[in-house]
Amino acid sequence: MKVSELIQSRQKHWRELEQRCSALENLSGRRVRAEAGTRFAALYRAACADLALADAYHLPPATVQYLHQLVGRAHNQLYRTRAFAVRKWYGELFINVPRRLYRDRSFRLALAIFWGVFILSSLMAFSSPDYADRILGQDFMEALEEMYSQPVAGRSDGATGMLATGFYTIHNTSIGLRCFAFGLVFGIGGLFALVFNASVLGAAFGHMAGGPHAGNFFHFVTAHGPFELTAIVLAAAAGMRLGFSLVDTGGYTRAAALRRAATEAVPSVAAAVLLFLLAAVIEGFLSPSAAPYAVKLAAAVASCILLVFYFVGLGRRHAFAGETPSLGGAAGIPPG
Amino acid sequence: MAVMPAVSDQLDTHIDIVTPENTAFEYRVAGPFHRLPAYLIDLGIRLGVAVLGWVGLLLAFGFMYMPEVGAALGLVLWFLLAWGYGGAFEALWNGQTPGKRVMGIRVLTVDGQAIGGMQAVLRNVLRIVDGQPAVFNLGYLGPFTYLLGLLAASANDRFQRLGDLACGTMVVVEDRPWLFGLVNPNEPAIGPLAAQIPPGFEVSRSMARALAAYVQHRRAFAWKRRMEMARHLAEPLRRRFGLPADTNPDLLLCALYHRKFLAATDPEGPAPAVPSPVPAAG
Chain A
73 MKVSELIQSR QKHWRELEQR CSALENLSGR RVRAEAGTRF AALYRAACAD
123 LALADAYHLP PATVQYLHQL VGRAHNQLYR TRAFAVRKWY GELFINVPRR
173 LYRDRSFRLA LAIFWGVFIL SSLMAFSSPD YADRILGQDF MEALEEMYSQ
223 PVAGRSDGAT GMLATGFYTI HNTSIGLRCF AFGLVFGIGG LFALVFNASV
273 LGAAFGHMAG GPHAGNFFHF VTAHGPFELT AIVLAAAAGM RLGFSLVDTG
323 GYTRAAALRR AATEAVPSVA AAVLLFLLAA VIEGFLSPSA APYAVKLAAA
373 VASCILLVFY FVGLGRRHAF AGETPSLGGA AGIPPG
Chain B
740 MAVMPAVSDQ LDTHIDIVTP ENTAFEYRVA GPFHRLPAYL IDLGIRLGVA
790 VLGWVGLLLA FGFMYMPEVG AALGLVLWFL LAWGYGGAFE ALWNGQTPGK
840 RVMGIRVLTV DGQAIGGMQA VLRNVLRIVD GQPAVFNLGY LGPFTYLLGL
890 LAASANDRFQ RLGDLACGTM VVVEDRPWLF GLVNPNEPAI GPLAAQIPPG
940 FEVSRSMARA LAAYVQHRRA FAWKRRMEMA RHLAEPLRRR FGLPADTNPD
990 LLLCALYHRK FLAATDPEGP APAVPSPVPA AG
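Here the protein sequences line up with chains A and B, keeping their order.
For the first sequence, counting from 1, position 117 maps to 189 in my numbering; every step adds exactly one.
For the second sequence, counting from 1, position 268 maps to 1007 in my numbering; every step adds exactly one.
With the rest of the complex left out, here is chain B (with noise of 0.2 Å):
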C-alpha cells in the first residue's frame, strides 16, 4: 500500500498542473474569501428566484383558477433550486455558477481538468453536510453556517470541502491575465553607467530572474532601502568591473537589466532568433 508522502512540496496557495501537452503550469486554489462571495450571490439569486417564480407562478395560474398547479410548480422549482442549482450551472457552464463567475473562481479535477456532470451533481448534493450546522434550514434552500466544510477545507491542501473530497474536485482562481511591457528605468545615468560594463559579461538566468524582480518592484521601496538591497549584488559586481566606489548600486542594478532585458543592440552579436510557433492567422 503507498504511503502518502507526509509532507506536501506545497509551499503556499499555488498548485501545478501538467497539461497533455507536457507543459505545467499553476493555479491558484481559490479560499473561503473567494468562495464564501460566491455562496452568497449564488443564494440570493436561488431564493430571489424562488420566492418570484412561486409568487409568478400562483399568480399565472391563480388567474387561470388554477392556484394548486401554481403552488405545485412552485414546489417543483424550489425543489430543483435547492438540490440541483450548482450542479446544473457547474455541468452546463464549464464549472461555474453565476456567483463564482463573478467572483471568478471555477470548479475543476484535481488534475486540473474540467469536471463531468456526475461530479458537479454530486458536490453540490453532498453540499448539504459541508453546510452543517443549519441554524436555519428554508426548504434546504440554506443559508447554512458551512462550519465543517470550513474544517475540512482547512484540514488539505486543496481547501476541498467534504463535498470536493468525495468528488476529487477542488476550486481555483481564475485569474484575468494582465500583461504588463517590460518595466523601463529611465533615470538618466543609466545608459553611461550601462557603457562601462565590459562587453564579455554574461548575466546568468538566475541573476537575470533576480534583476528583472528587483527591478518590477523597486519603485516601491525608499531611496536607502534600494541602495541596502541593491548593495549585496551591485557590490561584487563593481568591484569586477572595476568602476569607482561611489557607483550608485541601485543604478547599476538598472545599468545591467537594460542591457540584459532591453537595449536594442546586441553587443555579443546576434543570437539565434526564436521561431514563433504560431502559424500565420488564415
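Only chain A is shown next, with the shape it has when bound in the complex (with noise of 0.2 Å):
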C-alpha cells in the first residue's frame, strides 16, 4: 500500500477527530452523549496507533507531525481537568487539616513566633512610646488615635456593616495568602510577614492599651481577634512548610518534596480563608455594633473553645487514626 493511499484512507477519521475535538472545545464542560464519547474514544485510539506505527508506515515528517498535534489536542479533551472535589473537601477541613496541624512544627513554631513576637512588642510598646512610635510611625499612631477616641458603640447598621465585612475581607485574606505565597521563598517571606505583623499589631496593642482610649480600642477589637490573628499564623505556617520542604527535603527531589508539602499546604490555606471570612463577619457586624463588652467578650471566648476544640480536639481525635483519601489522591498533585 502506496503511503498516499494509506493517509488517503485515513485522513477522514483525522478529519472527524479534528471536528470532534473542536465540538468539544466550544462545549467546555457540558456533558457528551454515550456514543459520541466512544467514537471519540475510538478515533482517539486509532490516531494514537497511526502515530506509534508513523515510522513504519513511512509517514513523511510533515504529517508525523500533525499526528503528533492532533493526538496531544485529542488528548487533552479526554483528560479532562477533574474540577474540585467538593466531595471531599469535608474530610479534608475537619480531618485532615487538623489532624496534621496537630503534629506539625512549622505550626507550632508560627505559633510560638507570633506570640512571642506579639507579646514582647505589645509589653514594649506599653512601657515605651518611643518604642511604639518606632515601629508604628506618627502617622499611624496619630490615625489609631483618631480612629478610637469615640466610643464603638453603635458606629454600624446592616449597610456599613457590610461594607466593612467586604473590606476586612478582601483585605485580611490578602495579607494571609501573601503570607502563604511568599513562604516559598525558603520559608523566608512567611517568617518576615509573620515577625512584622506580629510586632506591628503588638505595638498597635501595647501603645492603645496604656493611651486613653483603651476601652473604645478594646471594645472594637476583643470579638475577631482570635480568629484573625490565628488565620495569620495558620496562612504563615502553610507557606514556612513551603519554603522548608526545599531546605529539609526529606530524601525527595526538591521539586518533589515541594509538590508533596503544597499538597499538604493547600487545605490549610483554606482553612485559613475560612477563619478570615468569619473573622471580617464579626468585624463587620459585631465589633462596631452597641453590644455591651460582655457579648464581645463573650465572643471571643467562643471562638477560642470552637479553635482549641479544632486544632486540639479534632487534631488529637483523628491524629492516630488512618488517612482519609485526600484530596492529593484523587484530584490533587501526584506525589511523584
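The hints are simulated quantities; they were obtained by calculation from the structure and are not laboratory data.
It is possible that part of the hints are untrue.
So the derived label-pair ranges between C-beta atoms look like this [stated by the list, open to error]: (1) B:A763 with A:R180: 25 to 31 Å; (2) B:W962 with A:A106: 56 to 62 Å; (3) A:A215 with B:L877: 20 to 26 Å; (4) A:A184 with B:L798: 46 to 52 Å; (5) A:Q210 with B:V788: 37 to 43 Å; (6) A:A215 with B:V788: 31 to 37 Å; (7) A:F264 with B:L877: 21 to 27 Å; (8) B:D850 with A:G323: 36 to 42 Å; (9) A:S199 with B:D850: 28 to 34 Å.
Facing chain B, a subset of chain A residues (Cβ under 8 Å, in silico) [said to hold, decoys possible]: (10) W86; (11) V143; (12) G238; (13) N269.
Idealized CB from N, CA, C, for every residue including glycine.
Mind assembling these two chains? They're in different frames, but the hints should get you there.
Quick look at the structure:
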C-alpha cells in the first residue's frame, strides 16, 4: 500500500477527530452523549495507533507532526480537568487539616513566633512610647488615636456592616494569602511577614492599651481577634512549610518535596481563608455594634473554645487514625 | 537517594508524553512569548470586569438607596478576581483561562495529564511570588513585572514558574493541527526518470524520511542550493542505478519520492493492506 493511499484512507478519520475536538472545545464542560464519547475514544485510539506506527508506515515528517498535534489535542479533551472534588472538602477540612496541624512543627513554630513577638512588642510599646513611635510611625499612631477617640458603640448599622465585612475580607485574606505565597521563598518570606505583622499588631495593642482610649480599642478588637490572629498564623505556617520543604527535602528531590508540601499546605490555607471570612463577618457586624462588652468578650471566648476544639480536639482524635483519602490522591497533585 | 541526571535528553522545547494507551507523542512547551500576551489579555479582562462591575453594583444599589451594599459586593468581586480568576477558569475550563484560550495554550501536569482543581488554585495563588517585583499593585490585581517567574522559568526545561514547580504543572502550546496533503512535485521530467529506477530497489525508512523532508522543503531553496543538497544522496544512487552523469540530482530525488510515496501501482507487488482500526461510524 502506497503512503499516499494510506493517508487517503486515514484522512477522513483524522478530520472527524479534529471536528469532534473542536466541538468539545466549544462545549467546554457540558456533558457528552455516550455514543459520541465512545466514537471519540475509538478515533483517538486509531490516531494513537497511526502515530505509533508512523515510522513503519513511512509517513512523511509533516504528517507525523500533524499526528502529534492531533493526538495531543484529542488527549486534552479526553482526559479533562476534574475541577473541584467538593465532596472531599469536608473530610479534608475537619479531619486531615486538624490532624496534620496537630503534629505539624511549622505550625507550632509559627504560633510560638507570632505570639512571642506579639507579646514582647506589646509590652515594649506599653512601657515605652518611643518604641511604639519607631515601629508604627507618627501618622499611623495618630490615625489609631483618631479612630478610637469616639466610643465604638453604634458605629455601624447593617449596610455599613456589610461594607466593613467586604473590606476586611479582601484586605485581611489578601494579607494571609500573601503570607502563604511568600513562604515559598525558603520560608523566609512567611517568617518575615509573620514577624512583621506580630510586631506591628503587638505595638498597636500595647500602645492603645496604655493610652486614653484603651476602652474603645478593646471594645472593638476583642470579638474578632482570636479568629483573625489565628488565621494569619495558619496561613504563614502553611507558607513556611512550603519553604522548609526546599531545605529539608526528606530524601526527595527539591521539586518533588515542594510538590508534596504543597499538597498538604493547600487545605490549611483554605482553613485560614475560612477563618478570615468568619473574622471579617464578626469585625463587620459585631465589633462595631452597640452590644455590651460582655457580649463581645463572650464571642471571643466562644471562638477561642472553637479554635481549641478544632486544633486540639479534632487534631488529637484523628492524629493516630488512618489517613482519609486526601485531595492529593484523586484530584490533587501526584506525590511523585 | 536518586540523583537527577545532570544532562536532560531534551533537545528543544518539545517534550515527550506517554499516554495511558502507551503511545508517545510530543508537546511544545509555551515560552514567555505565548504566556505574556495571555497574561495581558486576562489582566485586561479582570481590570475591565472589576471596574465595570464595581460601577454597575454601586449604581444598581445606589438606586435602591443602599450604596454600601453595592460597594461591599464590589469589594468581594475585586477579591475574587484578584485571587480566584485564574484558578476558577483553569479548573472549570480544562486548564485554560480566556487569555490562554486566545493564545492556544493550556496548563497540564508535568506528566501531560489534566490538572486538578487544587493545582489550578494553588498555581494562581502563588502567582504573586512569581510576579515580583510588583512596581504597581492595584488591590492584588497587578500588573506585575514577573521577573522572578521569568528567572525561575528560564532555569528549567519546561518553562515552569515557581507556582508551576510547586504544583507540578506546565503550560503547553496546543497547536491547531493542519493536514497538508502529500507534496506532489509536478516537473514533467520526473515521470520518465522514475521509470529508469530499477524495480527491485527498496527505499529504507531513514531514506524515506529524508526524501519526504527534502521534497517538502525544496521549493524554498534556489536551484543551485537544491543541486548542492541533493547531490549527497543522489550521486551514489545515480552511480548505482547506472544513470547518465548529467542526471539532475534534484529531480532524481523527486522521482524516488514519487515512486515511494505517490505512484499508483506498486512494482513490488501488493504490500499487505493496513487495516483501519476505526469501526464504521454508527
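Status of the hints after comparison with the structure:
Take A763 (chain B) and R180 (chain A): their Cβ atoms lie about 47 Å apart, and the range 25 to 31 Å is violated. Separated by about 58 Å at the C-beta atoms, W962 (chain B) and A106 (chain A) satisfy the suggested range of 56 to 62 Å. The hinted window of 20 to 26 Å between A215 (chain A) and L877 (chain B) holds, with their beta carbons roughly 23 Å apart. At about 49 Å, the CB distance of A184 (chain A) to L798 (chain B) agrees with the hint of 46 to 52 Å.
Checking the proposed 37 to 43 Å range against Q210 (chain A) and V788 (chain B) shows it holds: the Cβ atoms sit about 39 Å from each other. Separated by about 32 Å at the C-beta atoms, A215 (chain A) and V788 (chain B) satisfy the suggested range of 31 to 37 Å. The hint said 21 to 27 Å for the Cβ distance between F264 (chain A) and L877 (chain B), and at roughly 23 Å that hint holds. D850 (chain B) and G323 (chain A) have their C-beta atoms about 21 Å apart, which leaves the hinted 36 to 42 Å range violated.
Look at S199 (chain A) against D850 (chain B): about 58 Å separates their beta carbons, and that is not inside 28 to 34 Å. Given the 8 Å rule on beta carbons, the hint for W86 (chain A) holds: about 6 Å separates it from the nearest Cβ of chain B. Checking V143 (chain A) against chain B by beta carbon gives a least distance of about 5 Å; that is within 8 Å, so the hint holds. Interface hint status for G238 (chain A): upheld, as the beta-carbon distance to the closest one in chain B is roughly 3 Å, under 8 Å.
Given the 8 Å rule on beta carbons, the hint for N269 (chain A) is violated: about 16 Å separates it from the nearest Cβ of chain B.
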